[in-house]
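Asks: Input sequences plus hints: build the corresponding full structure.
First to last, the protein sequences are chains D and R.
Counting the first sequence from 1 gives a position; our numbering is that position plus 23.
Counting the second sequence from 1 gives a position; our numbering is that position plus 88.
Bear in mind the hints are in silico, worked out from the structure with no lab data behind them.
Computed from a predicted model, the values in this text were never measured in an experiment.
Among the hints, erroneous ones may be present.
Said to hold, decoys possible - Here are some chain R residues the structure puts well away from chain D; computed CB gaps all over 12 Å:
#1 Leu100
#2 Leu112
#3 Trp132
#4 Asn135
#5 Asp140
#6 Met145
#7 Val222
#8 Ser280
#9 Ser317
#10 Leu318
#11 Gly393
#12 Phe411
What the hints assert, rightly or not - Partial chain R-side listing against chain D, Cβ under 7 Å, derived:
#13 Arg174
#14 Arg303
#15 Ala307
#16 Ala309
#17 Gly311
#18 Glu312
#19 Thr314
#20 His316
#21 Gly319
#22 Gly321
#23 Gln364
Think of the CB as a built atom: it goes at the ideal place given N, C-alpha and C, for glycine as much as any other residue.
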Amino acid sequence: MSALLSVSQVGLQFGDRPILQDVTTSVQAGEIIGIIGPNGAGKSSLLKVLAGLLVPMNGEVRFDQKALQEWRENERARRIGYLAQSASAHWPLSVRTVVELGRLPWRRGWFARDSAGSAAVDRALSDADLIGLEHRLVTELSGGEYMRAMIARVLAAEPELILADEPVAALDVHHQLHVMELLRQRAANGVTVMLVLHDLTLASRFCSRLILLEQGRIVMQDSPQAVLNSEALERVYRVQMKTVEPEPGHQIPIPWQRLS
Amino acid sequence: MIYKRPPSDIALNLILAALLLIGLWLALSLGSSPLDLLAAWRDWRDNAATSDGIILMEIRLPRVMAAALVGAVLGLAGAAMQGLLRNPLAEPGLVGASNCAALGAVLVFYFGLASLTSLILPLAAIFGAIAALVLLRLMVGDYARVSTLILAGVALNAFAGAAISLALNLAPSPYAMYEIMYWLMGSVANRSMEELWFTTPFLLMAGVLLLSSGRYLDALALGEDTAHSLGFGARRLPWQVMGGVAIGVGAAVAISGSIAFVGLIVPHILRPLVAQRAGRLLLPSLLGGALLVVMSDLLVQSVSGSQELKLGVVTALLGAPFFLLIVLRDRRSLT
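Replies: Following this line, the structure appears as structure tokens:
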């Protein structure tokens, strides 16, 4: 089976500062890939490159066997959903309106009609546990409700690849699990998910593979068990980890103290 | 059912269009002194050179058309700017095009060229607006971050404003200075059909550019990166909006001089009626802007005494208290 997404030797700089260097990976349909690493490691930039928002100076990203830059923007937008880290709404729109904006790639052109749109929006609202909040203004939501509305906006587009930058950072533990389960369920239906995570426990529970970044380079990419129990993890985060084993054979690192 | 336009939008646009038609009828028939519209039109059609027929077709019709066109393009450009900047206090003048267009016209007065032909004024104004757009492009480059665009626009605006002051300062004669000041106040009196025809292609171009950017403005509500990920690229669309605003405002200034506040107030009032959707605000703002300026000009005519009141002065006088209202409403909602 050929890869849905293949990234080869991608490099990116802002001015003289290297942001990504020699990033190479490939992603199969249905994977849930966690991108982890300390602040400033290039996680968000990598996600933006994969979403087509930043154009790498070196290397190439191919999506469904065609270079990402060769996709028509609208076509790309239908197939790749992107959730920004500080996803913001600038007008006091209703929750439903925000979710409907996710359908915009299907509505380009003066006479476009999006016949599947209404059902997709309903499904996304219900999946993100937003029934009853549809008519509230996003500016009046709690942090968690707001984030779920933003996630529902991505789900409404029904993309094949979901790129999410810290989708659960603002959520309470219940809704963290809820969103991760939701993504896992989409993955079971063939959707590919790549997300930036800071929570190593969630990374270990839900991801099929982890990519560990340090200063723009991939240090390690492997199964969560392999990455999370590696010495590289402690070195990259500069933190001493202790390991707990909530279930036999499932080890989770707990950040214990800073290494100087 | 969601992805067709909800009926409320159609209803809003129909109501505004109906109000505009009533406004046009009132403006044509009342003017500075009432006349019988149908009789005047019949006189004109039958080539009976009655004063009513001539007043209607050669004085009043161009004036009312000018007011409607200027109001429409200012309302539309204001809604587009507020959507592009995601800021309810943005106005079309921010891109620098209105001041540059005004500068073009001011230079015509300064060098005493206004009497050459009636088209030289709109020509210079439109040239000024297009020069503003070219300068913006040169300053900002290919990839336009909205914040960079605005900084460049503000700089351009300030420069053109300073150049206008310089022209006033160095005016060759008190008469030139008086002409410049008077023109800058903004008016739609004594326009010719010729001037309107000349600016129509630019107004149409602005209308097409702006009305077709509605979905981009909707997407921008979620930020530039998200809009980009939804397929609204950072390369062409900001320029489509800026270009539409610059050309439209340039044409408006060419017709009427500076008319303040219309592009600010009209979208502001109408936004709650379209559920805050920036894209859906465009058409209602076009209609509402036309209505506001036609009615303001009717007010100008009905209260003018020996000294003619200027339209731009009246819209500014109406606009300032409106801001006070917003302040008071905000204060109430906080307490």
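Asks: What hint numbers does the structure not satisfy?
Replies: Hint check: 9, 10 and 18 fail, others pass.
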